[in-house]
Amino acid sequence: MAFNLKQEAKKPERLTGGHRMCAGCGAPVVVRGILRALNEEDHAVVSCATGCLEVSTFIYPYSAWTDSFIHSAFENSAATVSGAEAAYVAMKRKGKLPQGETKFIAFGGDGGTYDIGIQSLSGAMERGHNMLYVCYDNGAYMNTGIQRSSATPKYADTTTSPAGKVVPGKPQSRKDLTMIMVNHNIPYVAQTSPLGSKKGGLKDLHEKAQKALYTPGPAFINALAPCPRGWRYDTPRLLELCDLAVDTCFWPLYEVVDGVYHITYFPKEKLPVEAYLKPQGRFRHLFKAGNEHLIENIQKEVDDRWAMLLKLADNA
Amino acid sequence: MAKRDRLSGNEAVAVAMRQINPDVVAAFPITPSTEVPQYFASFVSDGQVDTEFVPVESEHSAMSACIGAQAAGGRTMTATSANGLALMWEMLYIAASSRLPITLAAVNRALSGPINIHNDHSDTMGARDSGWIQIYGESNQEAYDNFIQAVRIGEHPDVMLPVMDCFDGFITSHAVENIELMDDADVKAFVGEYDPEYYLNNASHPVAVGPLDLPPHYFEHKRQQAQAMMNAKKVILEVADEFYKLTGRKYGLFEEYKMDDAEIAMVVLNSTAGTAKYVVDELRANGVKAGLIKVRVFRPFPVDEICEALKNVKAVAVMDKADSFNAAGGPLFTEVTSALYKNAGTVNVINYIYGLGGRDVKTDELKSVYTKLEEIAKTGKVDSVYNYLGVRE
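One line per chain: the protein sequences are A and B, in this order. The first sequence maps to residues 1 to 316 in this note's numbering. The second sequence maps to residues 1 to 393 in this note's numbering.
It should be emphasised that the hints constitute simulated quantities derived from the structure, not laboratory data. All residues carry an ideal CB built from backbone N, CA and C; glycine is no exception. Mixed in with the good hints, there may be bad ones.
Pulled a few chain B residues facing chain A out of the computed Cβ check, cut under 10 Å [what the hints assert, rightly or not]:
1) D23
2) Q48
3) E52
4) E197
5) L214
6) P216
7) P300
8) S324
9) A327
10) A328
11) V385
12) G390
13) V391
Computed list of lysine-lysine pairs in PhoX-like fashion (alpha-carbon distance at most 20 Å, straight line) [what the hints assert, rightly or not]:
14) K258(B) / K188(B)
15) K234(B) / K258(B)
16) K367(B) / K94(A)
17) K289(B) / K311(B)
18) K96(A) / K277(B)
19) K362(B) / K381(B)
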């Protein structure tokens, strides 16, 4: 179904106000965008890895979630919801549940997904549970105070990859988790981001969430979710940063349906990666004189990855 | 009609699982518990159960999936041993504090390292403070009976805690013994339907499980959890009574063997009780007033009852198939001596660490323990409290 903002905006929020996520954080925007793609009459069982999202939305005795919600630990959001889905299948089979559909959604940050949770995620996807896993990728362990993860971009300044006199931030490149998930041969994988209104706003996120939720079998979505504390940007610039991430091809938008790659956003003019790095405090050291080669290095990596995606896509 | 059969402990537990017909079994292979999910997978493949079998990629995910499944409203089970239980550690505490009555067949095996696949109790003893009810069994019959009772105990509204059915790796899990199986229909009627008050899959009443629980409420929740464990003792006895009426097999918090007039006694867990009973019989034939206590329920620990049972005994040896590395005594010893504090000064208690990593436990060795107890009973003197049995040193 085509995205109709006015129509979608009428739906009641399923992650309600009153949660304690920071102003300018991308994660709740992603979560609301995903949940808005649920058919209104469908129930959801949501699991969440330990992290900002969990500790800010379900502080006893208050919950911001209108659907059923479970948090058990950091590394097992996928395994936890896979168990709930298995129970659902058995309970349906035994006639213990009434008519109606329940969707199973796991959320995790990049730490809980790329790193400590990758085993649990990989297992759940391979087993073929009818569930959606959503990674809100803010590129570091933000909840514990901005430590590097395997999703942290190269040369980013974090508290465990500090930009110092000798080492210019995180020495390693990012892991490409979306591609790893594609290679699980699951029916639906996508990379998305909320965007500014000129770029369709939540259209890309919504359409991908809808496909992911209503394609039978396991699905994975990797969503960019900027963090004002970790990235050090002014909070109103949240969506502008997302726009820059896609226009520089740092964060390409694409989906892979039954193994077929399809790019869902082509920048009108591909911007140099500086445009994305510059507004972020975590890359400030790259703009000191003498560090030009570091930015060139990042640019080359972005270009190489984009070129590879163009080769893979059916519409490039 | 109950049916006589010959089964290993693992197969007996798998049969109990089939008879219970749970909603979800999530498990990962590890010696010696592997056979439990293996047998169960064949029941699934042959359509003998309605269960969703979730063959997870690790024990951590096994317990995570069990938590998700039980919280979602499904009756959920698993099996593991040693390192598998250790990998579940984090989730064991979360299962208990979330008040999810999951049933786990814990097939006792030495915990690495060094790696060793044989029996001792270092795995479940490490989990003794995880908030799980722990029930120990001597034989395949007890492993089977305890597993069926575990479901009723854990799911009781006054309890709502997960339960471990602990039995010895290889000695019980793999040895084939005679067993009396209940009728499928009797098991079904005995366990009934799992009917939780709150569950994730209830679309008309969504719930949230596993909050961030800060200082204003965390302590109250832990207090309630502690109360559930206190409540469990009564429920365990009620369930045992009902089970007795159905099967004629009697269970309590512990078994007393020839304790009525005993002057010396041993306290043991699991299969060693069989060997120890043989020794007690021999000693009794020679006029020695020896007895035995086999602890069945380790969590909750029957403090008052143990104290009462040992009040007229002059010397007691507590046998631990696990060390605590506290330089003072094993975990069962610590519990028993704490229980005896009320009678402090009247009972002499010593401790033996024995059988680690599957070291055979021989009748002569157990006899030597009783000989030591006779000496203590006669002289009233204890020269060494913390001892090792059957080790080269």
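Original post:
Quick one, is the E52(B) hint okay against chain A at 10 Å, beta carbons?
Top reply: holds, 4 Å
Original post:
Regarding the pair K289(B) and K311(B), is the alpha-carbon distance no greater than 20 Å?
Top reply: holds, 15 Å
Original post:
Was the hint right that A327(B) lines chain A, CB cutoff 10 Å?
Top reply: Constraint on A327(B) not satisfied, violated at 33 Å.
Subject >> Interface restraint verdict for P216(B) against chain A (beta-carbon cut-off 10 Å) >> reply: Nearest chain A Cβ about 8 Å off; hint holds.
**OP:** Verify the interface restraint on G390(B): the C-beta must sit less than 10 Å from at least one C-beta of chain A.
**Re:** Violated: closest Cβ of chain A sits about 40 Å from G390(B), beyond 10 Å.
Original post:
Is the hint on E197(B) kept, meaning its closest Cβ partner in chain A is under 10 Å away?
Top reply: violated, 14 Å
Original post:
Given the proposed pairing of K96(A) with K277(B), does the C-alpha separation stay at or below 20 Å?
Top reply: violated, 47 Å
**OP:** Please verify that hint: V391(B), Cβ, nearest Cβ of chain A, below 10 Å or not.
**Re:** violated, 38 Å
Original post:
Measuring from the C-beta of Q48(B) to each C-beta in chain A, is the shortest one below 10 Å?
Top reply: violated, 14 Å
Original post:
Can the hint on A328(B) be confirmed by a CB-to-CB distance to chain A that is less than 10 Å?
Top reply: violated, 33 Å
Subject >> Proposed proximity, K94(A) with K367(B) (alpha carbon, max 20 Å) >> reply: Violated. K367(B) to K94(A) sits at ~54 Å, over the 20 Å cutoff.
Subject >> D23(B) as chain A interface residue, shortest Cβ-Cβ below 10 Å >> reply: Interface hint status for D23(B): holds (4 Å vs cutoff 10 Å).
In summary, the numbered hints that this structure violates are 2, 4, 7, 8, 9, 10, 11, 12, 13, 14, 15, 16, 18, 19.
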